[in-house]
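Let's have the full structure, built from the sequences with the hints guiding it.
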Amino acid sequence: MIPELGHFALVLACVLAGLQAFLPGWGTQRGNPTWMRSASSLALGQGLLVLLAYLALTWAFIEHDFSVRYVANNSNTELPLAYRISGVWGGHEGSLLLWSLVLSGWTVAVVALSRRLPMLFRARVLAVLGFVSLGFLAFMLATSNPFDRLIPAAMQGRDLNPLLQDPGLVIHPPMLYMGYVGFAVAFAFAIAALWGGQLHAAWARWTRPWVTAAWMFLTLGIGLGSWWAYHELGWGGWWFWDPVENASFMPWLVGTALIHSLAVTEKRNTFKRWTVLLALLAFSLSLLGTFLVRSGVLVSVHAFANDPARGVYILGFLALVVGGGLILYAIRAHRIESPGHFELLSRETLLLFNNVFLLIAAFAILLGTLYPLIVDVLGLPSMSVGPPYFNLVFLPLMLPLLFLAAVGPVSRWKKTRARELLRRLQVPLVLALAIGTAVPWAAFGSTSALVLAGTMLGVWCISGPLVALWRQFSRMRRGTSAGYSLRHLPRHMVGMTCAHAGLGVIALGIAFTTAFSMERELVMNEGDSVAFAEHEFVFRGVQEVDGPNYRAQQGHLSVYRDGEPIVDLHPEKRTYLVQSSPMTEAAIYSTVWRDVYAALGVVQPGGGWGVRLYVKPFIQWLWGGALLMAFGGLLALSDRRYRYRRKRRRT
Amino acid sequence: MKRATAWSFCLLFAGSTCLAVDEAADERYRNLLYELRCLVCQNQSLADSDAELAGDLRRRVQDLIDQGMSDEEIIAHLQARYGDFILYRPPLAWRTAALWAGPFVLLALTAWLLLRRIRRGHARASGSLSDVERKRLKDVLKRGSD
Amino acid sequence: MIRGWLAVAVFAGLVAMLAFGLTRDPSRVSSPLIGLPVPAFQAERLASADEHFDSTALRGEWSLLNVWASWCTTCLEEHELLMRLSQQLALYGINHRDTRDEARNWLQVYGNPYRASAFDEHGEVGIELGVYKVPETFLLDPDGVIRYKHVGALDEEAYQEQILARIREGRP
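Residue numbers (my numbering), protein chains in the order written: chain A, 1 to 651; chain B, 1 to 146; chain C, 1 to 172.
Heads up, a few of these hints could be off.
Examples of chain C residues toward chain B, derived with CB under 7 Å [claimed, not checked]: (1) S27; (2) V29; (3) P32; (4) G123; (5) I127; (6) G130; (7) Y132.
Residues from chain A that face chain C, not an exhaustive set, calculated with beta carbons under 8 Å [unchecked claim]: (8) V297; (9) G311; (10) L315; (11) A319; (12) I327; (13) A333; (14) V377; (15) F394; (16) P396; (17) P400.
Calculated from the structure, these hints are not laboratory results. These figures come from a predicted structure and were not determined experimentally. Don't be surprised by glycine CBs; every beta carbon is placed ideally from N, CA and C.
Written out as structure tokens, the structure reads:
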């Protein structure tokens with residue numbers, strides 16, 4: 001009964017989404033305020049119904065309702081509660097429902113937080129969001145209904161994919177979707193502006209917080225995904241350039257470019273057309289990612305089970321939404337004036353080049369991801385584009401970006417002098433040169449060019465924005481106390497500093513971990529020991545342990561550093577009872593400076609166990625940096641500009 | 001840096017026995033495997049894959065190293081049998097020209113276009129007058145001469 | 001607005017390519033061996049370790065070289081067709097990563113369509129042929145040149161359209 005209610009709620013939500021897509025838009029054409037105003041209530045109603053459907057599916061998971069096909073395929077009576085709740089988005093249908101739920105969430109947020117927007121504009125924004133929602137709800141109902149019944153009901157479920165039974169994956173998809181889908185809001189704002197044929201200065205200010213919020217979630221989502229891959233795949237890697245990873249990384253790069261170009265548009269009232277195009281592009285890439293992951297045009301480890309009908313539908317929808325948006329842009333963009341002039345050496349130019357590098361990087365990833373397909377279309381022999389390509393092409397595009405990340409914040413709008421830049425960057429320059437050469441050499445005895453460049457740019461990228469912040473702080477301090485100025489530093493500036501510093505931290509992490517990671521793969525018998533990278537590992541044997549829905553062979557390794565015991569690791573080889581697939585559960589001891597990582601292989605024919613050991617310096621800095629970036633986004637969101645307006649409105 | 005006895009890297013997870021090899025060869029072997037794609041799982045390198053074919057191919061790579069082949073020769077050997085697909089690093093050839101050069105050509109092109117445009121915009125803003133201004137200037141001058 | 005229409009055009013091209021992509025199987029790998037003489041290899045015969053299977057002997061007539069194994073369930077799907085084809089075509093087998101006993105037993109139970117099978121215990125021959133997914137079937141012309149490779153179970157349609165068509169074309 002409850003699944004039927006969920007299904008019914010979904011159908012109703014779809015109807016409301018349809019009304020939301022057409023009524024308000026029609027209203028703006030006809031000048032009918034009632035129709036325009038209907039958008040809010042329709043969006044709220046739709047949000048409630050999708051939530052209801054989502055809860056219904058969750059209930060079916062919790063209660064083991066195996067008469068629902070989707071539940072039977074993705075759950076099991078032995079599955080722990082936490083994974084039953086997260087199992088809702090463990091497959092194609094449920095994750096699509098999560099997509100819709102997140103989109104409804106963003107739409108309701110727009111309704112609640114954008115009351116000050118002009119009625120016409122607001123109606124158009126909500127109409128576009130309604131249209132996107134309609135597309136996905138109709139897609140779900142037509143091809144991927146999560147409430148489909150299984151008759152007769154299964155006695156037992158087929159269990160959640162063991163790869164997904166990991167705490168990292170409980171939060172990773174919701175974060176990722178919050179990011180992906182969040183760009184829909186920026187998309188809607190851009191379409192609404194083009195629709196009206198005008199884009200005034202306030203547009204950028206309205207759009208900015210939405211983009212920052214979506215970007216923040218996407219940053220967290222990608223970071224979590226990388227962290228999960230590191231833990232769960234058992235190869236010690238943290239980024240594989242898999243098509244699915246690329247699908248999330250492309251919108252992130254474009255979203256980052258959008259954040260920067262929005263800053264120019266808000267402050268200087270220029271780059272307008274470009275910003276609008278980026279807003280269209282960010283969400284287009286989200287949709288493209290959805291297509292790549294769910295259609296089966298590319299081979300990927302993480303892709304969902306595929307069905308050609310789904311691919312056709314998403315592609316059609318993609319063509320409609322993105323194609324429509326681009327055509328509207330082509331027709332209307334010339335109406336948008338971009339005044340404002342700037343000199344060659346100015347913050348505008350620097351930000352423009354930030355955009356260029358980010359977009360070319362996104363383009364390179366798109367090209368690499370789709371090239372095997374292009375080759376196939378041309379009838380050439382099959383080929384692969386893998387990590388060596390991406391690393392090689394990505395690096396030269398990222399190094400200048402890191403360089404710019406310190407120069408931009410200390411530069412001036414309109415016109416900045418080279419001498420002035422140089423003076424302000426003295427400290428970062430000295431720090432970068434000193435630390436960049438000293439640390440790799442002292443800590444690892446290495447002077448490889450890449451490590452040097454990575455360390456220098458990392459330090460540069462952290463210290464440059466800090467100098468800009470310090471200047472602001474000194475300026476403010478002249479009139480007031482230090483504490484007061486510290487508290488009242490502009491949040492968007494502190495946020496920017498955090499985000500750039502986060503990037504620097506990631507650069508340091510990547511430089512050290514790729515250059516100095518050590519790995520050993522060997523056969524160990526009880527009592528065997530091996531020493532490398534200043535650590536000694538003693539193998540204490542393997543024992544059987546039982547988990548809730550799996551059986552595991554658990555290895556035991558004692559790790560010593562300088563003769564002192566530091567940790568006992570228990571890597572596992574799990575066999576999940578239902579899907580009987582073997583899973584490698586790595587054991588990791590993390591510190592700020594290095595991770596010690598152990599994975600258990602299989603029993604060797606001649607006796608002993610296969611063991612993989614890694615010592616990975618600085619690897620946690622990657623995720624630390626990502627967190628710092630996301631935190632920067634959060635700080636920027638709390639900027640007074642956004643709060644102030646609301647407060648004033650209330651009084 | 002101290003190293004423990006070097007062991008052949010891969011065969012363990014496929015369940016085969018291991019051979020002790022010298023360090024440089026071990027390093028080469030490892031780097032090669034990360035450049036090669038497993039054709040069965042298709043999204044893992046030969047180093048990471050547990051598939052039987054990956055095990056066979058790892059043994060082949062090891063054999064070829066032992067026979068004294070260079071990295072290029074080994075890659076050519078596998079490419080002749082499995083095609084470009086097995087190479088994670090696409091070879092430099094006409095069919096991959098757009099792939100390798102595309103991003104950088106585009107970068108150069110955009111940078112050039114943008115710089116030109118910024119220069120021009122700047123020139124227009126600082127150096128020249130708008131039509132209205134020009135007309136007014138003309139009027140002022142005319143009146144002055146009258 | 002040239003830039004805008006340019007974006008529309010690029011996007012249209014992208015969609016067309018993705019639409020084409022939907023009709024293809026991305027996991028299928030084309031073989032670089034097509035158009036080349038079958039790689040020279042020697043292996044033991046499945047029937048007896050003393051006899052040799054020599055790939056260079058596969059000439060003089062059109063022949064099929066089929067990679068199979070007793071553990072391969074997909075091989076059963078094409079077996080009936082292979083049995084039928086063995087009446088009309090020279091059909092050779094490569095028994096891939098198998099044990100002699102199990103392979104012979106399998107042929108006894110399901111029937112032996114092969115004139116001879118090479119015994120490729122460790123997959124060495126498989127690598128020479130670029131095999132990645134058993135079963136695979138190679139079509140060799142009378143000069144011993146590989147004309148076509150089929151990955152997965154061979155079916156009537158593939159036989160008619162890919163194999164028979166090539167044989168007919170090749171005949172003067």
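**OP:** Would you pick out the hints that fail for this structure and give their numbers low to high?
**Re:** Violated: hints 15, 16 and 17.
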